[in-house]
Amino acid sequence: SCPLSSRCCAPSGAAPAMNCRAEVLEVSVEGRQVEEAMLAVLHTILLHRSTGKFHYKKEGTYSIGTVGTQDVDCDFIDFAYVRVSSEELDRALRKAVGEFKDALRGSGSDGMGQISLEFYQKKKSRWPFSDECIPWELWTIKVNVVNLANEQERQICREKVGEKLCEKIINIVEVMNRHEYLPKMPTQSEVDNVFDTSLKDVQPYLYKISYQITDSLGTSVTTTMRRLIKDTLAL
Amino acid sequence: AMDTDLSSQDRKDLDKFIKFFALKTVQVIVQARLGEKICTRSSSSPTGSDWFNLAIKDIPEVTHEAKKALAGQLPAVGRSMCVEISLKTSEGDSMELEIWCLEMNEKCDKEIKVSYTVYNRLSLLLKSLLAITRVTPAYRLSRKQGHEYVILYRIYFGEVQLSGLGEGFQTVRVGTVGTPVGTITLSCAYRINLAFMSTRQFERTPPIMGIIIDHFVDRPYPSSSPMHPCNYRAGEDNGAVYPSVEDSQEVCTTSFSTSPPSQCVFTVTKAHFQTPPPVVTDTLKVPVMGLAFSHQLSSSRLSYQPAALGVGSADMGYPVLFAGGLNAAHPHQLIGPGKEGGVPPVPNQPAHGSQADQERMCTPLEGVHYSAATPSSSEDTETVSNSSEGKCGSPHDLLETIFIRKVGAFVNKPINQVTMANLDIPFAMFAPKNVELEDNDPMVNPPESPETESPLQGSLHSEGSSGSSTGNTHDDFVMIDFKPAFSKDDILPMDLGTFYREFQNPPQLSSLSIDIGAQSMAEDLDSLPEKLAVHEKNVKEFDAFVETLQ
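Chains as they are written, first to last, in this note's numbering: chain A, 1 to 235; chain B, 1 to 550.
Rather than coming from a laboratory, the hints here were simulated on the basis of the structure.
Honestly, I wouldn't trust all of these hints.
Subject to a maximum C-alpha distance of 20 Å in a straight line, what follows is the list of computed DMTMM-like cross-link-like pairs (lysine to aspartate or glutamate) [said to hold, decoys possible]:
| id | chain 1 | residue 1 | chain 2 | residue 2 |
| --- | --- | --- | --- | --- |
| 1 | B | Lys144 | A | Asp71 |
| 2 | B | Lys12 | B | Glu167 |
| 3 | B | Lys68 | B | Glu111 |
| 4 | B | Lys144 | A | Asp78 |
| 5 | A | Lys164 | A | Glu23 |
| 6 | A | Lys168 | A | Asp73 |
| 7 | B | Lys37 | A | Asp71 |
| 8 | A | Lys164 | A | Asp75 |
| 9 | B | Lys113 | A | Glu180 |
| 10 | B | Lys37 | A | Glu180 |
| 11 | B | Lys113 | B | Glu36 |
| 12 | A | Lys122 | A | Glu190 |
| 13 | B | Lys144 | B | Asp10 |
| 14 | B | Lys144 | B | Glu159 |
| 15 | A | Lys164 | A | Glu174 |
| 16 | B | Lys110 | A | Glu180 |
| 17 | B | Lys68 | B | Glu36 |
| 18 | A | Lys184 | B | Glu536 |
| 19 | B | Lys540 | B | Asp526 |
| 20 | A | Lys142 | A | Glu167 |
| 21 | A | Lys168 | A | Asp75 |
| 22 | A | Lys123 | A | Asp192 |
| 23 | B | Lys107 | A | Glu159 |
| 24 | A | Lys160 | A | Glu59 |
| 25 | B | Lys110 | B | Asp15 |
| 26 | B | Lys107 | B | Glu36 |
| 27 | A | Lys168 | A | Glu23 |
| 28 | B | Lys144 | A | Asp73 |
| 29 | B | Lys144 | A | Glu163 |
| 30 | B | Lys144 | A | Asp75 |
| 31 | B | Lys144 | A | Glu88 |
| 32 | B | Lys37 | A | Asp75 |
| 33 | B | Lys37 | A | Glu59 |
| 34 | A | Lys142 | A | Glu163 |
| 35 | B | Lys37 | A | Asp73 |
| 36 | A | Lys124 | A | Asp192 |
| 37 | B | Lys37 | A | Asp90 |
| 38 | A | Lys200 | A | Glu88 |
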């Protein structure tokens with residue numbers, strides 16, 4: 001679990017702090033499309049929220065590495081998306097999405113849930129006060145899993161979900177284009193409070209992924225499982 | 001008045017950013033329509049040639065075309081850079097699919113920092129462009145190109161022309177970036193009506209020496225720039241060399257400062273090349289017949305040669321590059337720019353926050369004058385070209401792999417047939433019914449059934465017509481193609497679809513034929529009195545049985 005966990009961030013379900021913008025996307029997909037749909041959305045967001053690695057030089061200056069990109073075709077959806085060329089990042093997202101998918105399929109689930117991607121900054125506090133995690137952008141993707149009866153419906157679903165995801169990508173890009181608050185570019189000593197510097201080829205803003213499953217009674221069950229992805233990688 | 005607000009260095013930087021942003025925009029768009037998956041590597045060490053900190057390959061021909069269209073100008077109010085994406089079928093019919101517009105409006109943001117905020121926002125905008133280019137309808141079309149159509153691009157500068165997109169086109173905005181001289185806007189207008197177009201009649205232009213030239217009759221601008229296929233690689237016979245961006249000595253190394261904004265530094269250096277870096281391009285050697293080419297023609301892209309269009313092209317043995325799987329490998333796959341063996345490492349940027357002015361290494365550039373001509377050193381650049389003739393094959397082979405079978409639109413299935421049909425309907429391939437082909441189409445006229453023709457048919461018609469051909473009852477149905485679910489045509493010679501087609505006209509069951517029926521009817525009639533007698537004998541049993549049912 002999160003190395004800073006108990007001391008760090010606001011408990012799950014708390015409202016985002018002020019100045020944290022929140023965006024909600026909703027999709028209805030078939031069970032086998034959950035992973036690809038989530039990866040498409042999360043990768044598109046992270047494409048916009050990752051930079052090249054910073055290299056700090058003499059006092060006050062830094063240079064930025066290069067971010068490569070690659071196309072990903074979906075197998076169960078008529079859709080393709082672009083993601084950052086970073087295997088570490090891809091693995092981290094796949095792991096989180098895999099857990100979400102398993103939880104959605106688990107007992108007590110009516111096929112409804114949501115996965116959240118939160119970008120935050122760390123604010124160091126002096127002892128005995130714990131560091132704060134201050135979210136500045138929160139993306140919530142609500143998922144509704146549908147069951148289809150026959151192959152014809154599945155084929156239509158492939159196309160329809162593909163079209164829906166195109167709309168979601170356009171929505172994400174619209175939000176990104178608003179050029180709203182972004183954390184100030186940090187000095188070398190502060191960089192780990194703003195960016196995740198643990199990856200070797202790219203540098204996303206600090207983020208965490210969590211999810212919730214709604215049980216058939218409509219209440220949110222088994223609480224969120226929260227992990228810092230850095231942490232997930234360490235496991 | 002504006003210049004007093006913007007330092008001359010900032011102005012130079014801004015113009016440079018806009019210029020390279022425009023070039024990178026074109027690269028992203030064209031590469032997204034090549035029909036292939038793009039993959040570039042991340043690199044934690046800046047290589048000095050990755051504008052906007054993104055690994056976007058520069059296809060030299062595309063850069064060349066973009067620079068030609070811009071002709072040293074930058075997008076400004078009323079002067080937009082447009083990339084037009086269109087589709088051209090193997091018969092020569094064309095359709096505009098998208099217009100990507102890079103525009104500038106008058107709304108200025110004087111407060112914004114050029115070398116920092118504008119640069120980063122332009123980078124973000126390019127990322128958005130990468131994402132959006134995959135979600136418009138033309139993306140999926142371009143991934144399936146090669147057999148029956150190609151995707152072409154054309155760059156022009158000036159007023160945006162959206163009239164070729166048909167009615168009801170939609171617009172998606174990629175994003176905007178405010179600058180002190182105006183707001184940059186990037187958007188895409190795309191056609192949504194991809195169906196058979198009956199309203200627009202194109203002249204059937206015979207291909208001119210196999211070169212795609214924009215010949216639209218009702219094109220408003222007579223001097224429009226030539227169209228280029230997105231997935232073609234240049235032939236090298238004329239020695240046309242397109243210097244890569246690295247050669248043009250406009251290399252960007254970003255060095256950012258975290259000190260207070262007033263001392264923000266952006267340094268651009270001129271890379272010094274000892275020897276011009278070889279540019280490795282994978283090219284197709286295209287044999288060119290001894291015909292006179294104007295300079296423009298020879299530098300245009302050679303594209304496919306539709307077969308059998310009566311130009312005598314088959315005789316000339318035109319090399320045809322347009323066949324399934326013929327797309328030559330592109331040099332931009334999986335190689336980060338720094339690895340091409342080209343750009344020497346750029347000297348470190350020593351600029352401090354406070355010493356920015358003294359230590360800038362940038363050579364004063366010519367301001368806004370960007371000529372299309374490249375700096376002299378790059379003209380010596382050698383181009384190493386690997387001709388991939390193995391892929392090209394002989395012209396004959398290529399001609400044979402051209403097929404114009406009229407299957408459904410955008411069917412991604414190579415079939416080795418060449419038809420001589422010259423259809424005059426534009427976009428005939430997309431039409432639901434192709435009248436001329438019915439004679440040839442086995443779907444319409446199924447092969448003759450085996451000899452036992454249906455006696456039922458024979459006797460239903462006149463007596464002497466037992467020789468009437470079979471299968472005519474099926475004339476009501478015109479099946480153009482049949483794609484049963486789960487069937488894959490291209491693996492086995494016999495599959496579900498073929499099986500169905502072959503066996504959909506089985507001979508009648510003999511027991512259903514009237515002759516036999518007629519015979520048994522006569523027998524039945526004769527045996528009736530006997531049967532009646534038997535039933536009468538058992539009438540009591542029958543009555544008892546009936547009573548049990550009540």
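List of violated hint numbers, smallest to largest = Of the numbered hints, 2, 3, 10, 11, 13, 14, 17, 18, 19, 23, 24, 26, 31 and 33 do not hold.
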